[in-house]
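Peer 1: Letter by letter, the chains look like this.
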Amino acid sequence: MSDIPTTSTEATAGSPDAPAMPVPLGKGVRRFGRRLSDSALAYLLLLPSLIVFGVFAYYPLYRLFWYATHHQSRFRNRPATYVGFSQIRDTLTGTDFKDGLLHSGLFMVYTVPLGLILGILLAVSAHRRLKGIKIFQTIFSSTVASSVAVASVVFLTLVNAEIGYFRDVSWLSLKNPTSALFAVSLSAVWQNLGLTFIVVLAALQTVPDELIEAATLDGYGAIRRFFKITVPTISPALLFLAIVLVVFALQAYAQIEILTGGGPSGGTETLLFKIADPSGVRSLGEKASLSLGLFVLTAVVAGAQFGIMSKRVHYGD
Amino acid sequence: MATDKPITNPEFPGTDSAETASANAGTPTVESAQGKAVVASDLRPPKKSARHYLGLTGSYLLLTSLSVVILFPIYMLILRAVSSPLAYISAGQPLHPVDIQWDVFKVAFVDANLGRAMGLSFVVTMIIVTAQLVTATLAAYAFAFLEFPFKNVFFGLIVGTLLLPIEVTLIANVETIRRIGMLNSVQGLTLPFLATAVGIFLIRQGFLGIPSEIRDASNLDGYGHFRFMFKVALPMSKPIVGSFIVISFLGAWNQYVWPRFATDRQKWQTVQVALKTIGSENPERLNLSFAAAIVAALPLLVLLIFFQRQIVRGLTAGAVKG
Amino acid sequence: MGAVTFDEVTKKFGDVVAVDRFSVRIEDGEFMVLLGPSGCGKSTALRMIAGLEEVSGGILSIGERVVNNVAARDRDIAMVFQSYALYPHMTVAKNIESPLAANRKVRLPAAERATRVAEAAEILGLTDYLGRKPGELSGGQRQRVALARAIVRRPEVFLMDEPLSNLDAKLRTQTRLELVDLHRRLGTTFVYVTHDQVEAMTMADRIVVINEGRIQQVGAPQAVYESPANLFVATFIGSPPMNLISGKVSASAGGSVEVTTDAGTVTSTCSASLSKGADVVVGIRPEHLSLSETTSSGKGLRAKVENIELLGHERHVICSAAGSKIVFRQANDAAPVALGQEVTLDAEPDGTHLFDPTSTQRLN
Ligand SMILES: Nc1ncnc2c1ncn2[C@@H]1O[C@H](COP(=O)(O)OP(=O)(O)OP(=O)(O)O)[C@@H](O)[C@H]1O
Ligand SMILES: [Mg+2]
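Chains as they are written, first to last, in the numbering used here: chain A, 1 to 317; chain B, 1 to 322; chain C, 1 to 364.
Derived by calculation from the structure, the hints in this document are not laboratory data.
Do not take every clue at face value.
A few chain A residues facing chain B, derived, Cβ under 7 Å [claimed, not checked]:
{"no.": "1", "residue": "F53"}
{"no.": "2", "residue": "R63"}
{"no.": "3", "residue": "I308"}
All residues carry an ideal CB built from backbone N, CA and C; glycine is no exception.
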């Protein structure tokens with residue numbers, strides 16, 4: 001939806017169970033002197049959100065199915081024809097989707113582990129009592145201020161084939177599909193450093209000092225303390241970040257449009273790039289089919305998140 | 001046993017008689033280790049060891065090199081923004097600015113589209129943040145404080161929207177907006193974002209944190225639902241609401257995909273989208289694009305400096321409490 | 001050997017002196033309680049023994065070894081933290097085993113470790129919970145896991161920092177007894193930090209009373225209670241606290257001193273001879289005051305009953321006497337007094353303490 005980590009764990013872990021409400025009072029009894037019944041009021045309060053979600057989340061899902069099951073000419077004046085599931089099947093088994101999947105997958109492989117490791121490195125370095133540590137913490141979180149688009153323009157100055165500072169570094173070259181995808185991924189890694197740093201640092205700060213001290217007395221050295229005590233304790237935050245980064249990778253678009261335009265020879269066209277299709281080479285039906293593919297992937301990630309988060313056993317008390 | 005030396009310092013009360021008291025109790029309590037041979041190296045002079053300073057230097061070295069890695073791209077951006085593009089290239093693209101032109105920002109604002117794009121971004125962001133706050137608060141109140149039929153179903157519907165981010169519904173939503181003639185309009189840019197599931201969850205969480213005694217007390221005081229919402233529930237959830245506003249702003253300001261496809265005229269480009277087009281027609285004006293990127297990031301930089309705590313809380317809200 | 005010796009040990013945090021020239025020897029096998037109000041430096045003292053804080057000055061030894069420079073893990077001590085500090089991601093068994101598994105230098109074979117874990121779990125009644133994680137235990141059970149983790153390594157010294165403060169009152173009383181029992185069974189040195197005088201009185205072999213970073217008194221609980229070394233100890237220990245009245249020495253001879261206060265005259269057993277007219281503070285515990293039967297002796301403290309607290313097994317009668325508040329204890333079956341009644345109170349000479357008002361030191 002946006003650049004912020006909207007994959008809230010609240011959403012999935014939170015259940016709709018009601019708060020501990022007082023025992024519902026009989027019909028005639030009035031709580032909160034009011035004219036409306038609680039139910040009517042509730043529906044009224046939900047209405048604005050439900051309208052927005054209905055029109056811009058659920059209706060589009062229906063429309064995606066509709067487009068995907070109809071063949072539409074790229075010339076809009078022709079009527080659409082119903083084609084059943086053939087278009088979805090053809091698109092989702094075709095090379096276009098597979099390439100998009102591959103590129104999105106590679107993007108994930110490049111951004112998620114590297115982003116996590118760098119985030120942890122930054123957070124661990126800045127989680128100390130030192131003079132001036134606040135300054136370093138501010139520097140480390142500074143990329144939170146940059147949007148995907150800004151980060152992409154920033155990386156133009158580094159990796160652009162003509163004017164980038166690292167234009168001659170082959171493994172960052174935008175002229176070769178493989179290195180181009182990696183260079184584009186790096187811009188995402190850099191842009192997300194602020195977020196990963198902030199989340200990991202906040203998690204580190206919740207690890208009780210006494211826990212680390214207990215481990216020291218038990219005889220763990222600094223390194224084993226980190227891997228045996230600290231990492232498991234902050235693992236929920238790391239998991240959250242991993243999922244957020246996966247979702248970001250799945251939704252990568254601006255970096256590609258700004259840095260490579262999908263090239264060279266389609267080598268950086270991620271799934272969303274193919275769906276958005278800025279140059280308009282795909283029909284609406286194809287794009288809708290691809291969108292349904294992305295929808296399934298999003299659902300899988302959300303499902304995994306829900307599964308992991310609800311199994312999450314050790315979050316202290 | 002007790003020596004001529006007092007147990008602790010005689011100038012402090014209590015020390016002399018400590019000995020008396022323990023003597024009364026018949027147990028030898030204190031013993032000065034004065035006579036004991038103590039190797040000097042056993043006693044670490046506090047905080048002055050070479051190791052300590054070595055560690056300190058190492059820490060700062062690490063922190064500084066990490067800072068350089070993070071700041072280098074930003075430095076390059078500023079460098080490229082203020083250097084005259086052609087002169088910089090013919091100088092061999094060095095690490096220092098060439099032929100500095102500070103008026104690049106003015107040119108970007110006045111001649112290029114930047115001023116209008118910034119203004120549009122502000123308007124769009126304000127509308128989205130305000131609307132999200134209102135719709136999320138109302139819905140959160142219903143889920144937190146009211147009982148009604150099909151509550152679970154409605155909650156499920158809202159959770160379900162997490163599977164339908166704008167990236168998934170992009171194609172269909174663009175068609176919808178096009179059909180109702182709102183392509184290239186403020187309405188078109190904002191409508192899909194006037195409500196947010198994440199906001200509802202966050203604020204609901206805040207509301208649920210209000211002790212039930214407080215609800216009961218307001219009830220006895222005769223507060224109606226709306227007075228309770230505005231006078232009690234919202235003020236008591238201020239930290240969460242603050243964090244939500246900040247991350248909502250962040251999200252709305254930084255959007256790219258939707259404004260990119262909900263518009264097809266330069267006039268209606270938000271600043272994020274304009275970054276791509278400003279200066280891109282002419283290599284001589286490439287610096288405008290870099291200057292625009294700086295300007296586009298400025299509001300958030302200000303936000304980061306003044307609302308650091310809220311940003312951190314907002315970004316970690318999902319991570320910490322499940 | 002598990003004796004712990006502080007010799008002029010000092011700890012500074014910047015300008016704050018948290019522990020000021022501590023000198024005390026904690027004997028091997030002793031149950032020593034460090035008692036004092038919040039912020040007095042007791043945790044800091046304990047953490048120096050553990051090696052979690054560096055010693056700023058003085059010499060700290062465990063057994064015969066100076067440990068100023070010895071790393072925490074090499075000190076052969078175990079510590080129970082206030083928050084228990086259990087590893088949330090490990091099972092109870094793994095938590096208990098942790099000190100045995102962690103130290104690679106002296107790692108026991110797995111079978112031996114398992115035996116020891118089982119043994120520690122047995123002692124603390126945790127056998128049924130070995131597979132659980134700390135999040136799935138009650139407060140009391142967690143506390144016992146923390147204890148098990150401490151005893152499993154059979155250290156020379158146990159350190160405990162307010163280990164009972166997160167338990168409810170009932171569990172606290174019960175665990176107190178269990179700790180004393182554990183100490184008896186293990187026979188190891190216990191150093192126990194608390195601000196709760198009841199814990200100190202009931203468990204300790206000896207108490208170190210600390211205030212503002214300095215040792216005020218060291219002694220057996222009864223000794224500290226019966227002969228407080230100074231006004232701080234006198235008022236810190238005992239509930240309701242000792243009554244204090246200022247007065248002047250009016251006679252001093254033959255092992256007893258007579259003090260005249262605004263409320264009347266009291267006699268104190270005192271071997272030292274005090275000069276006539278000297279200012280003193282008289283301290284009398286509530287149980288050492290009683291209603292005078294002979295009303296006309298001219299001795300005793302005249303007071304007016306202001307409030308009566310009924311405790312079931314006894315009464316606390318709160319009176320005012322020449323501007324000071326005086327509390328005395330009455331058995332339940334004693335003749336009741338009425339509010340507003342004028343009474344005369346006799347003090348036991350053996351329970352009448354004298355303190356120097358300027359140095360606050362005990363005089364008798
Ligand atoms: N790491 C530290 N840095 C600076 N000052 C500290 C530090 N640790 C403790 N102090 C100070 O040292 C003094 C003693 O602290 P300590 O924790 O030993 O008190 P305590 O007796 O354990 O109190 P409590 O009963 O509240 O736990 C306090 O004034 C405290 O503020
Ligand atoms: Mg303490």
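Peer 1: Each of the hints needs a verdict: does it hold here or not?
Peer 2: Each hint tested on the structure:
Residue-level restraint check for F53 (chain A) holds (minimum Cβ-Cβ distance to chain B is 5 Å; threshold 7 Å). Hint status for R63 (chain A) relative to chain B: holds, with the closest Cβ pair at about 4 Å, below 7 Å. Interface restraint check for I308 (chain A): the shortest CB-CB distance to chain B comes to about 10 Å, outside 7 Å, so the restraint is violated.
Checked against the numbered hints listed earlier, the structure breaks hint 3 alone; every other hint is satisfied.
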